[in-house]
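Chains as they are written, first to last, in my numbering: chain A, 3 to 330; chain B, 125 to 468.
Among the clues, some could well be false.
Below are the EDC-like pairs computed for lysine to aspartate or glutamate, each with C-alpha atoms no more than 16 Å apart in a straight line [unchecked claim]: (1) 99(A) <-> 126(A); (2) 39(A) <-> 126(A); (3) 178(A) <-> 126(A); (4) 31(A) <-> 427(B); (5) 31(A) <-> 73(A); (6) 255(A) <-> 196(A); (7) 259(A) <-> 172(A); (8) 265(B) <-> 196(A); (9) 265(B) <-> 142(A).
Please keep in mind that the hints were generated in silico from the structure rather than gathered at the bench.
Keep in mind that this is a model prediction, so the values were computed, not measured.
One letter stands for each residue in the lines below.
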Amino acid sequence: MKRKTFIAGLGLIATLPFVSCSKSESDGKLTIAFLPKSKGNQYFVTCERGAREAAKELNAELKFDGPTNPDPAKQNEIVENWITDGVNVIVAACENKDSISTALKKAQAAGIKVITYDADSQPDARSFFVNQATAQAIGEQLMDTAATLTGSEGEFAIITGSLTSSNMNEWIKHIKERQVKYPNMKLVDIKPCDDQKDKAQQEATNLLSAYPNLKAIIAASSLAVPGAAEAVKQAGKSGAVKVLGLGLPSENKTYVKEGVTQAVILWKVEDLGYLAVMAGAAVAKGELAPGATEFNAGKLGKMPVAGDNIVLGKPFVFTKENIDQFDF
Amino acid sequence: MTSSIKSSPARHETVLLLVIVLEVVLFNALGQRFLTGGNISNIFRHSVEIGLLALAMTPVILTGGIDLSVGSMMGLCAVLFGMMVNSFGMDPWVAGLVAITVGALGGGLNALLITRLNLPPLIVTLGTFSLFRGLAEALTKGSVAYSGFPQSFLALGNSNTAGIPTQMWVFLVVALGIWLLVHQTTLGRSFRAIGFSADGARYAGIPVARNTSIAYIIAGAVAGLAAVIIVSRLGEARANAGIGYELLAITAVVLGGVSIFGGSGTVAGTLLGWLSLAILNNGLTRISEYRIFDQSVSSVARELSGMLTGVLLIAALAIGTVMKTLAVRRALKQSLENSKATHS
């Protein structure tokens, strides 16, 4: 008995050396908690980098934590632990809109300011939503880029994630509205790829044989971009059929450099984290309140506020020339 | 010899109790706001569902079985509950009872396959693990989530009653029920008898198939209850509720000293195993002033708690086994010496 207790105690004490003692001072400083949808995702790691930069400029303490597995209760637990910590601001990207709202409302009730970014909560669970890009801006950017690449004429097709995805349908709606500007361009087909790269490649191959005059493929799902590129490459039509779409630069770098994919469209992810933290701090300091039309967002300058939305700006186009500067 | 081996469950619980005391002392010394009302509430609020599954898993493991399907059953019951309340306008409390019934039926399916077809529990519940989750995903096309439940229902998961989280009262009732069942009834004793030797139990006149079935049906029903509680806590019913919880529950049970081969173990052990894990998970998130791997402990709390859970589990079991072997060896040596002494 004694020995067993001794060994068990020893085991616990043995974990102590892992813990080194360097106290961080947090007196009087603003504490901002930054919640990603998931921790290991490169997209959110990049967001975090921007968030840290903003926190440094603000001389605020940044807590970064997020789920490491798909358990839907984890985001709530993290938020509830932050309430116990008494943080000043929570900046959250919401994985499950309704469940996280339950926890965010508790945080608000405890006097914590809440900002959402990337994916919104219920509107009454936060003060502002930092929107990476509006559906309209994304749709227009895709269409304009396609027009630039094809000289504003010829047939093009769209590969989307699924025909029922609401945000992708919104983008496609705006692509079609923008198309009016380019009367010589013709949308010949829209195919779903179930958000799978293989399926996208297969659909793109079918499109290439069905429409021999195809000039461009727009991929509206991030995995469809490399999928379409692979199909075009294997068909030996690199450059003849332009490939562009929404996706992470890192996932498309090889195709962009080979000249198969001409343009990858996305927002500057790092700036999204930066802007969200700046907005959170501004709300906590009382510099940003409902009804405001703009606020000072550090290195990004004055950012316009539309209702309870703060939009990061126009999507960014990654091309052969600039893609090497980004690593997300 | 017999006394030192027989008393091992009680010893195991003492060790766990000491682990818990050590955890509390350690986290209180190193962490911030660990022993505050709000945080203690969080410890229990966040772990009630896993605690319920661990309680329900205890009789199953005592019979020498295992139920891998309880986490998936939570997902299925959560989705059905959400549908009943949101799409059919059913009263949440009635829907809750239906969810528990569905859980019991699912447990009944497991029981049928295990006792009638004589299939190994591991295989059967591995099958229903996929089946239940798959059904939940199919019903919601993987993306539909139900929310907008009435406040009176959300209070179950988010309010306090008489100073403790409301759902803890449900947990305490279930814990008492399972304890009475396992330790105070002949049915409960038969679980251990079956786990020790199913054939022996059969010869002793125990209705092995019936009693084993009861254990799985209870596990299913409690999984349904856990689903209702997690929905009330999160305010959202989705197919991914309870993902991975079956393994966390099994970890708590085994850490609590219940033999994975069945036959021995106590409900108190399960509760202590569960509590020590719940405190570990929460306590690490409280330590933000100390750094590890160049990050504050609280920001890698989830990774650390996974690691330490593994260490704790393996250490507790290894120590138990080593102590038992040593005790047997010592007793053997003693009896050898005794026989030598009488011969000479």
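Verification of the supplied hints:
no., hint, in the structure
1, 99(A) <-> 126(A), "holds (12 Å)"
2, 39(A) <-> 126(A), "violated (20 Å)"
3, 178(A) <-> 126(A), "violated (33 Å)"
4, 31(A) <-> 427(B), "violated (27 Å)"
5, 31(A) <-> 73(A), "violated (32 Å)"
6, 255(A) <-> 196(A), "violated (23 Å)"
7, 259(A) <-> 172(A), "violated (30 Å)"
8, 265(B) <-> 196(A), "holds (13 Å)"
9, 265(B) <-> 142(A), "violated (30 Å)"
Comparing the model with each earlier hint shows violations of hints 2, 3, 4, 5, 6, 7, 9; every other hint is respected.
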